[in-house]
Amino acid sequence: MKKVLFYLLLLVLAPIAVLIIITPMDSQKQYIFGFISLAILFLLGFSKKHSVSIIMMLVSVLMSTRYIYFRATQTLHFNSEIEAILGIGLFLAELYIWVVLLLSYLQTAFPLKRGIVPLPDDTSTWPTVDVYVPSYNESLEVVRDTVLAAQCIDYPRDKIKIYLLDDGKRREFAVFAADAGVGYITRNDNSHAKAGNLNHAMKLTKGELICVFDCDHVATRIFLQATVGAFLQDPKLALLQTPHYFYSPDPFERNLSGGKNIPNEGALFYGPIQQGNDNWNATFFCGSCAVIRRSALEEIGGFAVETVTEDAHTALKMQRLGWKSAFLDIPLAAGLATERLVLHVIQRTRWARGMTQIFRLDNPLFGRGLKWQQRLCYLNAMLYFQFALPRVAFVTAPLAYLLFNLNIIHSSASLIFAYALPHLILSIYLNSRMNGRYRYSFWGEIYDMVMAFHLVLPTAVTMLFPKRGKFNVTDKGALLNVGYFDFSVVRPHMIVAVLLAVAVIAGIVRACAHDYFGVDPNVIALNVGWGLYSLVFLLAAIAVARETRQTRKTIRIDVDIPVVIHYASGISSRSNTLDLSMGGCRIAVPDDRHLTDEIEEIELQLKSGSISIPVQVIANDEQAIRLQFEEIPLDRRRELVRVVLARADAWIHPPKPQDNPFRSLLIIIRCVFDLFWLTWKSRRENRRLRQEEAKRMESASEDNVT
Amino acid sequence: MPLVCVCSPKGGVGKTTVTANLAYALARAGSKVLAIDFDVQNALRLHFGVPLSDGRGYVTKAIESADWSQSVLTAGSNMFVLPYGDVTEDQRLEFEHLLATDSHFLMRGLSTLLNYPGLVIIADFPPGPNPALKAVSRLADLHLVTMLADTASLSLLPHIENHRLIGEPLNNKAGYYFVLNQSDNRRHISRDVTAFMQQHLGDRLLGVINRDESVAEANASQQSIFDFSPASAAAFDIELISKRVAAILGIKIGDGAVHTALRTSNF
Amino acid sequence: MKNYDDLQRFKDKTRTGAIEFKDMSAQNKHSDTSNWAIIKQLMNTGDDDSVLSHAGSIAVPAPQAVKADEFDASHFRPLVAQPISSTAAQGSILDSLQSALPDTKTAAFQPEQTQHTTATLFEQLAPVTAAPEAAVEPIPHSIPEPVKETVKPALVSPPQAPAPVTTEPVRFDKLFAAKGNTARSHPAKDLPLQPLLEMIASCR
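Chains as they are written, first to last, in this note's numbering: chain U, 1 to 706; chain X, 1001 to 1267; chain V, 2001 to 2204.
Same shape as in the complex, but just chain U (with noise of 0.2 Å):
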């Protein structure tokens, strides 16, 4: 009945519809038009209904269709053929972006919000689980906890395996394991990476389910309570997928000024965009932090090796036999963010390969086994991928006009604004609305600025050329020791950026004295608000390449848990910690006593058991003392990362506070304006460093003299 209603709504809206589409309007009339839409929307806004949000997506979704055709009826007549040429290129570009909003709106429509699928109370009902945590280059000292933590998790000893998969073949993590009692598995070549590695693991063992970590994600001690859980309930399911959650800040966070306090860039596809592909059964498996049904597997012939994102396209395979995926929405593992923007440029880059890889190779709109909300879920997640160009394109649009005068727009600047302007700002309200608390406005653009000039090559030829190009692993954990500006990262940023700088000072050079030139001062006005947008973007792009120096190893968590601080005297204090890491703590005063007596050890008192460890005092003040922990044997370890890092709630935070998109923007110019500013300063101190430090050779010179 609901079915037949809805059909007949569409039918009775269709018309209408494809008249706000196709009505060609004057620029006056646009405007009202466009404003009264606007005007809707906003007093629609004060209900926060999700029905309400699909109104307005609706809405959105025909403004932004009338751009597009308004832009393919009237504005695609040039005079020449470069301005043909550049004309189409924008032309694509802007079609690429509807496409994706369209997509993205059905992806992300109908947030699934999944909850935890408790266990059944008798254990022995409970499935065999193998934990793999697979590694090839990373440092002992990474994997150690992450396999530590792995043995932290609740469940039966008996049913649950840890298998570190050792791609290096390293003595010393065959010694670890052994010492930390979990398997080691190698093999004799390493062919297809770490696809090949698990595949190889699934050979020798024999768990129900499979559980994957990369070697840096340490899993709370709840994971397998609160995912297993679904297994058993339905049988059709081959995966959940949890969030990846960083601990440590990503270059975005770490080297803008304004990073520390907005959604992490991860936030929105481990949030809304896994949440929307839920509801449609396309959550895809994203190598880590989830659960996968061996059977599933099996049927496929393993994970995929074909391409270079092994996971997405298992989980396509697997999909496409009739299994089932979900997604989970709570942060129950957590791992370390690329360290620095080049390494996050060379995953991400890996990422678009691999998902251009499997657009060609397996392409979700043809073959059998999927629905149609499947299909394009997995093909806006491709598309997405595809965004450098475009990008480019429109970073560089204005370009043509305001240095060469080029033409690649047929309609008058009024007309265009009238029609571009509900299309723009109905997609970044809708944005905020929808996923204000995952992502903030504007941020997107930053994000994909920063990677556009990089995936232009890549993207297109693995496009063209599908099986090219080979797996390059991301480097985890290594110390950032000085701090430096990585110019060769946002070298094509800094060109572009310099020349639409260039281009804007002509524009309005040209504006000002518009008769003499004979240009039309309105079409320099949107242009060189065009290029001033894009300089704004592209300036805090660069500005993530400053790269901070990153102090110490271990990441400080912020807690508090009570501590029992032993004294060498033999008195016991009791005080709290205020923050947390595996290196060290930081304990609020609770008295004079440690100015004159040694601490010699504190115990962290958690509800499960508590966990004393040997500290040496490193600073104190009045609040508090900063201790530092003291080499302790592989099981006190593991004791520890059970109260540091696989504490259940460890990683849930509330989420950040809705988006604003003015806010937002101001502080996206707030970074800007901190990347001259404090590298002015940073120079200035270098300088004045500098002058001491020749004044004090001067002086022991002349001591040495004298």
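None of these hints come from the bench; they were simulated from the model.
Careful, some of the hints might be misleading.
[Said to hold, decoys possible] When the alpha-carbon atoms are kept at most 16 Å apart in a straight line, the in silico EDC-like pairs for lysine to aspartate or glutamate are as follows:
| no. | chain 1 | residue 1 | chain 2 | residue 2 |
| --- | --- | --- | --- | --- |
| 1 | V | Lys2002 | U | Asp121 |
| 2 | X | Lys1061 | X | Glu1096 |
| 3 | U | Lys324 | U | Glu298 |
| 4 | V | Lys2022 | U | Asp121 |
| 5 | V | Lys2022 | U | Asp122 |
Based on the hints, put chains X and V in the right spot on chain U.
Chains X and V in isolation, oriented as in the chain U frame:
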């Protein structure tokens, strides 16, 4: 009114210290508390600042005068102590004889104090079976059995569970609970015994007190651990125990009850 | 806050208070509690009687009741050099030592008892005829040579037994240690029966 007995099958487990500090904890929470010493060692008074030379106590007077409340000393706000006092051997024997034979002897001596509304009485006893414990146990609302976190204490667990401390069930009102003293997680035996006790006793283990030199230092200074070292780990644990004791006994601070001053003949 | 209850906080933050997650952290920790004799016995009260569960340590046998004539003073003989031979000559060496060293009477009293029970254990475990009497540590070092060192010293002075183990390269130690405990910690308790028998046999 509530009467708590702190006892132990073994000596040297810290009963007296636990009694004193528990009394302080309850007083800090807002109750009027009286600590009674039934041990000829007469050590309880020292925790309350009574000078070593001060030999006053109730036992010498108890044999003649029926009301023991006359021998109570004040020890600060809301804190009272009834020391055993210096006695001769004959006096001690006579006292124990009366406790063992005269079933109303104890009742007569303590009735004023027991009937005082809102007064929490905590009593300290000698280790092992003794006539005072046997006599008082029948009146007690709650028993706290103190043990050390070592196997010497642990081996006496069956002793208590088989009612061998006084030859009958220890407590017939709110029951008996355990307090584990001087637990040190850094020491192997201590940790294992603590874990075993927690597992074996479950909720019957009312609390575990961290081994903390501050306790001994507080004793030496004749102060409460709370005044001596507020940050002390042992102080925290004792406070937690006092809260649980209060919950079991139904002591509610803040329900509007008015406590009038307790009149004592001394001070 | 007494301690940090992460499971409860997880349930509060994710609003899954209805789900009863199981805390299995005790699995991973050492079950060292069962290594201690006293704790083992407290855990086993109510279980079926087995010699091992009631025994304190298998290296040192549980004390048994003495014989009726154990303290019969008429058995005392003057010190005569006796050949060290069969188990039948119980207490002979120590008798002689007792008369020779009057000061150590009290010290010798204990070894006499344990000596007896050691012999009983030997009778039970290894039906050998020549089980020499052991010299026990409490006896001063001036004991003449005829008193051979046998199993008893090996049992009483534990560090000797695992000594050969420590000369091996460290990494093998680490590799095969079960949970980081070395044999050094509780040698007397952990000595399994077979090597014990072998040691007894080899020391003859």
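Now the hints, each set against the structure:
Taking the CA atoms of Lys2002/V and Asp121/U, the gap is near 28 Å; set against the 16 Å cutoff, the hint is violated. The suggested pairing of Lys1061/X with Glu1096/X holds, with an alpha-carbon distance near 14 Å, which does not exceed 16 Å. Restraint check: the Cα-Cα separation between Lys324/U and Glu298/U comes to about 15 Å, which is no more than 16 Å; the hinted pair holds. A distance of roughly 9 Å separates the Cα atoms of Lys2022/V and Asp121/U; the hinted pair therefore holds under the 16 Å criterion.
The suggested pairing of Lys2022/V with Asp122/U holds, with an alpha-carbon distance near 11 Å, which does not exceed 16 Å.
Checked against the numbered hints given earlier, the structure breaks only hint 1 and satisfies all the rest.
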